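Generate the whole structure from the sequences, applying the supplied hints.
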Amino acid sequence: MTPSDPSAHGGTSVTAAPAQKDDSQRQQKTMLAEHYHRLSQAESTGEKCVYTFVPGNLTELVRSFDLLPVLPEINALQSAMRGSSKDYISLAEKLGHSEDVCTYVKADVGMLRKGNVGPTGERLPDPDLLLLSYTGCFTFLKWFEILKEEYDCPVVMLHTPYQGDGVITDSMRKYVVDQIKQKVIPALEKVSGKAYDEERLREMLARSAKAEDDLVAVLESAKQTPSPIDSYFGGVYYIGPMFTAFRGTEAAVGYYQALRAEVEARAAAGQGPITPEGPMGEEKFRIVVEGPPNWTHFRQFWRMFSEEGAVVVASTYTKVGGVYDFGFRHDPDHPLETLADYCMGCYTNLNLPTRVDMISKYIEDYSADGLLINSVKSCNSFSAGQLMILREVEARTGRPGGFIESDLVDPRYFSEANIKNRLESYFQMIEQKRSGGAA
Amino acid sequence: MTTSTATFDATSATLPELMQWTSGVSRDYKLGTVTEWKQRTGGLAMGYLPVYVPRELLHAMGVLPVAILGGGDDLEIIRGDAYYQSYICHFPRSVIELGLDGSLDALDGMLFPATCDVIRNLSGMWKLKFKDKLSRYLDVPQTFEEDLGGTFWRGELEQLADELVARGAKPLEPAALAESIKLYNNERRLVRELYALRRSQPWTVPTAEMYVVLRACLVLPVEQSTELLVAYRRLIEADDTRRPMDQARVVLAGSFCEQPPLGMLKTLERSGCYIVDDDLLNIFRWIRGDIEPGDDPLGGLVSAFLNDAIESPVRWIDRGIKGAEMVQRVEESGAEGVLFCAPSFCDPALLDQPMAVTAIEKAGIPWTAFKYSENTGQFQVIREQAGTFADSIKLWSDA
Chain A
7 MTPSDPSAHG
17 GTSVTAAPAQ
27 KDDSQRQQKT
37 MLAEHYHRLS
47 QAESTGEKCV
57 YTFVPGNLTE
67 LVRSFDLLPV
77 LPEINALQSA
87 MRGSSKDYIS
97 LAEKLGHSED
107 VCTYVKADVG
117 MLRKGNVGPT
127 GERLPDPDLL
137 LLSYTGCFTF
147 LKWFEILKEE
157 YDCPVVMLHT
167 PYQGDGVITD
177 SMRKYVVDQI
187 KQKVIPALEK
197 VSGKAYDEER
207 LREMLARSAK
217 AEDDLVAVLE
227 SAKQTPSPID
237 SYFGGVYYIG
247 PMFTAFRGTE
257 AAVGYYQALR
267 AEVEARAAAG
277 QGPITPEGPM
287 GEEKFRIVVE
297 GPPNWTHFRQ
307 FWRMFSEEGA
317 VVVASTYTKV
327 GGVYDFGFRH
337 DPDHPLETLA
347 DYCMGCYTNL
357 NLPTRVDMIS
367 KYIEDYSADG
377 LLINSVKSCN
387 SFSAGQLMIL
397 REVEARTGRP
407 GGFIESDLVD
417 PRYFSEANIK
427 NRLESYFQMI
437 EQKRSGGAA
Chain B
35 MTTSTATFDA
45 TSATLPELMQ
55 WTSGVSRDYK
65 LGTVTEWKQR
75 TGGLAMGYLP
85 VYVPRELLHA
95 MGVLPVAILG
105 GGDDLEIIRG
115 DAYYQSYICH
125 FPRSVIELGL
135 DGSLDALDGM
145 LFPATCDVIR
155 NLSGMWKLKF
165 KDKLSRYLDV
175 PQTFEEDLGG
185 TFWRGELEQL
195 ADELVARGAK
205 PLEPAALAES
215 IKLYNNERRL
225 VRELYALRRS
235 QPWTVPTAEM
245 YVVLRACLVL
255 PVEQSTELLV
265 AYRRLIEADD
275 TRRPMDQARV
285 VLAGSFCEQP
295 PLGMLKTLER
305 SGCYIVDDDL
315 LNIFRWIRGD
325 IEPGDDPLGG
335 LVSAFLNDAI
345 ESPVRWIDRG
355 IKGAEMVQRV
365 EESGAEGVLF
375 CAPSFCDPAL
385 LDQPMAVTAI
395 EKAGIPWTAF
405 KYSENTGQFQ
415 VIREQAGTFA
425 DSIKLWSDA
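In order, the protein sequences belong to chains A and B. This note's numbering puts the first residue of the first sequence at 7, with every later residue one more than the last. This note's numbering puts the first residue of the second sequence at 35, with every later residue one more than the last.
Simulated from the structure, these hints should not be mistaken for laboratory data. Remember, predicted model here, so these are calculated numbers, not experimental data. Note that beta-carbon positions come from the ideal geometry of N, C-alpha and C, so glycine has one too. Take these hints with a grain of salt, some might be off.
As the list claims (entries may be wrong) - Covered by chain A, per the in silico footprint, the following chain B stretches (three or more residues, Cβ under 8 Å):
#1 107-121
#2 155-166
#3 176-187
#4 377-386
#5 389-395
Written out as structure tokens, the structure is:
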């Protein structure tokens, strides 16, 4: 979710000029580098770490015990951006993992078998606890079964009910809260040797809410024309600290204040987003994107949009770690209940009708020209049903839809020419619609 | 071929007659027997997808549970492919095809148990596409403590019952549920006994034949399915033409959701394998033993799910060692090897497989693996692979 080094994105395929960076990106890079370094030193410093996932993670709770989160999806995507996921996936497939399944899992397995060296080149510590925050993705369950075989450490399953009917019921909330009380907190207490400190958790949740306000202001700045941000390619940077290891920290509060100020300054000046190639030119197309990005060719992928003058004004991927722009904030007055609601409210835990409503609203609220779906082979949680989402959103909004296919971290599934061709056709279709021609 | 229940009497049918009728029922994607049942009883019929739903609860409310197991190799997919990318398994595209072509019109709704992300998202697609039908995602618990997963699961079942009542089903009464549990206990016991007979005399119970009977059972009322199972058992035991052959005994693993085409099961048997255990139609064996209705039959149903369910790849396994149950199944069935036979792009099966392989390799059990789709039409490669595997077992095994 959070590319730590913008100059690296672009993976393996081209030699590119150094990427342009916002100050916030530099700040984020430093935060992540420090976190990974701290992890690499954990065995000598005695700090304990918890492996968990991005959607529905309990970062504030974990950090309230002074434990450090490690997020395997982030390691996988970081590996992809540095060009090492191909070898990791290849190794996992040699070990018997099917070519059909999630490449995040295979990249993680391969990385583990090659010494668990993290994205900054330093070895990641073994987990002291595997905390399976089972939100919105069935594969998480299998992934942690695989890791459970690899490590001699306790495992806790936090079963997050799916919003099958589009609502969070009291019984769903109670189920999650009871699991946190009866399973998660005791496990964290045991690993950390510290007692649960609710006051400390409340303080962290208050900081989360503060940062979340700023993140929403940043995301909603894209309602302006021209948009000062790209809410997909740029958005994955913006969500980085929020979705990963920093929610609830002063560092995250500071980052989001700085980010908001930076974006508001750009908006006030009527400027568009900063892309890796430099400031964005004229904004010609305003697009909503559904689905995760491709990480192996991130920079090329972004360039295919920016060269066409296409800005992503809203994206669903930037909601996998929380749908804050629809009102959710961590609530320090109800610490465990708010964690439960957070777990259940992440994008991939929403049913398809809710997703369609949300995307249609984005199209209207952000004055978008249409919906583009990047369907990734690895992620059925996103991909299954996307073709229906496309049709439903088109029917409701009257704006044209486009569809491209790639993968998360397997470079074999990124066909640059094919994607570029489809994108160009899609943008032409939008232009034709604008000029009143038949789509 | 008629599939009418009115003109078929399992108690007097010959084996060819029984097989002809069950074959017709199991391939009747228009659900003729369900329509007939609804006309006769006026009750609701609920479709459900693999792997597990509590059929007892539906039955107790006068609702007919109907397994929807895809279109196999009979159904031409015309519209279903427009809903799914090439890298998603075949099963949901045939299910949606059946929905769109009207085959499932007899159903008053569909249950989508928590099996994988594809089935989960299909539940939402159903809501969008079939707005007048009940579409219910059944979130089976992944924690197994009575006061956590148990409480949650009970709540899910009570909510399901409320939704069925709102559609015209009878209210859920403990006495009726206790009776239904007994009926399904009996059905599951008959299936367990068939599996036991197949383990001891696999030539008496060819898998491809038993599968057709079991598949028919899953669209029939339990009262009728048990009659069918009793009749089938009587007929095959009386058939003295069935003789043992020199075949390798194998466990067929991984086919718990999208079902293999019948031709593939026949191919495996013809290639020299006796299938002595499998994951097919797991709903019959999801709960291992009898469910104890006791004073609180709903509690009994919940407790069985928590404490007596198989270690399916779609469940979180928090106790014991992953893959140990596969080793145990091999030992208990007297199998000499494992055929991992998963549908293409099936996340639960394919992500589970390396762990199961590790466990059986540690136990020195031979295995091989291949994939299929429900509409796979060419079996030559599978036949050669399974045949070579069977030959290698017979030539090189210690037994």
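Structure-based check of each hint:
1. 107-121: holds (count 5)
2. 155-166: holds (count 8)
3. 176-187: Since 8 is at least three, the answer is holds.
4. 377-386: Coverage by chain A holds here, the residue count being 8 at a Cβ distance below 8 Å.
5. 389-395: Answer holds; 3 residues pass the 8 Å Cβ test.
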